[in-house]
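Undergrad: Spelled out, the chains give:
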Amino acid sequence: MHDTVLMILSVRNCKSFESSVNKLQCEKIWFKGYKEHELAPMVNDFVKNSNFKNYFITPDDLIITPYKFEKLKSSLNVHDIVTGWGMIRQNCTYTTITKPHDFLKKNIFKYLFTTDTFKNQQYQLSYKTHEINSLPDEVETAFTGWFYTGMKKEVWMEYPYECLNSPFASSDLMFSRRVLYDNKYKQICIKKSNVVHISNTHHHDTSFFDTSTCFLNKSIVKTF
Amino acid sequence: MHNFTIDYTDGLVIDNKTYDSEFAKGKESHYMVKTYFLHKKIKRSLQTYPDQLGITATIEELETISDKTLLTSNDCNLGCWVKPSFVKHFVPYYVEIWYNNELYIKDTLDCKFKLVNFTLHPKDDRELYTWMNVIENFKKETQCDISVKNDIVASTSEFDHIVDVKFNTDDQNKQYYLGLHVGRFYQPNTQMPDLRYHPDQLHNKNSLNIINDILYYFTTII
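Chains S and U, in that order, are what the protein sequence lines are.
Just so we're aligned, residue 1 is where the first sequence starts under my numbering, counting upward by one.
Just so we're aligned, residue 1001 is where the second sequence starts under my numbering, counting upward by one.
Think of the hints as simulated: they come from the structure by calculation, not from any bench.
Check before you lean on any hint, since a few could be wrong.
[Unchecked claim] Derived pair list, reagent style SDA-like, types lysine to any residue, alpha-carbon separation capped at 20 angstroms:
(1) S:K192 with U:Q1143
(2) U:K1034 with U:Q1143
(3) S:K192 with S:T129
(4) U:K1106 with S:R89
(5) U:K1139 with S:K32
[As the list claims (entries may be wrong)] Computed list of chain S residues with no C-beta within reach of chain U, every gap over 10 angstroms:
(6) H2
(7) K15
(8) S16
(9) N49
(10) D80
(11) G86
(12) T129
(13) P160
(14) E162
(15) D182
(16) K192
(17) I198
(18) T223
No residue lacks a Cβ here, since even glycine has one placed at the ideal position from N, Cα and C.
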């Protein structure tokens, strides 16, 4: 059995994702059909009651190659929290790599934010695509987006999976906000571990993501 | 403020789904879209450097000059969408949206780190291999990610070094940045080539010519 597990938050029907994940050298646990709020107790119980060395997390619209995933795994020997990165959406120029400077004060990481704040300020401090090549191989980010974010069990236990109050869930934002606020760990983005984000908000394709049916069948599937 | 979307998934479509009626008071009731073809000239030079084994030669980029040529100019009512051009092949677009005589939004088509989808309709496996080689070259040039909609590609690992995401040919999703179709396309009920895909017709075109026209008609890199 591998010492690394990938927790997959799965609500879509994407064969390409399945085949890419099956190639990764790690164990997998699929949380299928659960809403983000429903996942909190299950993810936290799993981390608490299992004994893997490294825990990674991803939603099922992100595709990574085995080589890039291995880069992330090996980086966990050096850093406490590592993550891949990618486009926030295909129809924008912003990536998930976000400048940590003043992040807590300036945008939705503030504890009381409004819908307008969310719309207008979410990406204000994100690096744009044309800025990526000039970044170093490892760069601190204020946001991971669950783009194959990994850490050791102890760190997961310190920062369990939590969501914002409805209508937002944003467990990824919650995680990064707490880490930034405590300033104990750094979230390190590995530049070579870029991930393909299959997402364009201009198009709501029910063949890919059907919100009317995707939460109907719930199950947890493990490879171990 | 008005909200515009610029969509490259199947040709170019600009939409003003939501407009701000308060903001529009006393201003024009339409917007204008200008599209340009963005062309870059890269000056390269052969540089030589002495090293332990003699002299090494490298080609270095000295200067990049960008220029743009106006392709289309369209007026459109607020709240409506517009297709500035019916072209479906690759165009290095620079788009300007003007409102009330002011430049409101500008956008440059830039595939770097984004997902470009190719829907492939080859006549045989040989043609598919030819096209995949050109797509590999396109991927290196633009630093983009590649998805392919094609049943053969979806069922094999042969092209996994090129293709990041695989879909079946009839998959309708558009969860990518730029969408291109490669094949032989004709106007309905005729043998006339569809010029939206084949800007230089289809006469005497081999497999390589077809994909070159779709990807490089404007830029002629190959």
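Undergrad: With reference to the structure, classify each hint as holding or not holding.
TA: Here's how the hints hold up against the structure:
About 13 angstroms separates the Cα atoms of K192 of chain S and Q1143 of chain U, which keeps this hinted pair within 20 angstroms; it holds. For the given pair, K1034 of chain U sits about 27 angstroms from Q1143 of chain U by alpha-carbon distance, which is inconsistent with the 20 angstroms threshold. Among the hinted pairs, K192 of chain S with T129 of chain S is consistent with the structure: their alpha-carbon atoms are about 14 angstroms apart, no more than 20 angstroms. At roughly 18 angstroms between alpha-carbon atoms, K1106 of chain U and R89 of chain S fall within 20 angstroms of each other, so this suggested pair holds.
Taken as a hint, the K1139 of chain U and K32 of chain S pair is broken in the structure, with Cα atoms around 33 angstroms apart against an allowance of 20 angstroms. For H2 of chain S, the requirement that its beta carbon stay farther than 10 angstroms from each beta carbon of chain U is met, with the minimum near 22 angstroms. The claim that K15 of chain S lies off the interface is violated: its Cβ sits roughly 8 angstroms from the closest Cβ of chain U, which falls inside the 10 angstroms cut-off. Remark: the non-interface label on S16 of chain S conflicts with the geometry, its nearest Cβ contact in chain U lying 5 angstroms away (cut-off 10 angstroms).
With a cut of 10 angstroms on Cβ distances, N49 of chain S stays outside the contact zone with chain U, its closest approach being about 34 angstroms. For D80 of chain S, the shortest C-beta to C-beta distance to chain U comes to about 26 angstroms, beyond the 10 angstroms cut-off, and the non-interface label holds. The claim that G86 of chain S lies off the interface is violated: its Cβ sits roughly 7 angstroms from the closest Cβ of chain U, which falls inside the 10 angstroms cut-off. The non-interface label for T129 of chain S is inconsistent with chain U: the shortest C-beta to C-beta separation is roughly 5 angstroms, within 10 angstroms.
Distance check on P160 of chain S: its Cβ is at least 31 angstroms (rounded) from any Cβ of chain U, clearing the 10 angstroms threshold; non-interface status holds. Remark: the non-interface label on E162 of chain S is consistent with the geometry, its nearest Cβ contact in chain U lying 28 angstroms away (cut-off 10 angstroms). Chain U leaves D182 of chain S outside its interface by the beta-carbon criterion, the shortest separation being 31 angstroms against a cut-off of 10 angstroms. For K192 of chain S, the non-interface assignment is confirmed: its Cβ lies about 13 angstroms from the closest Cβ of chain U, beyond the 10 angstroms cut-off.
Interface exclusion of I198 of chain S from chain U breaks down, the closest Cβ pair being 5 angstroms apart, not more than 10 angstroms. Listed as outside the interface, T223 of chain S is consistent with that label: its C-beta sits roughly 20 angstroms from the nearest C-beta of chain U, beyond the 10 angstroms cut-off.
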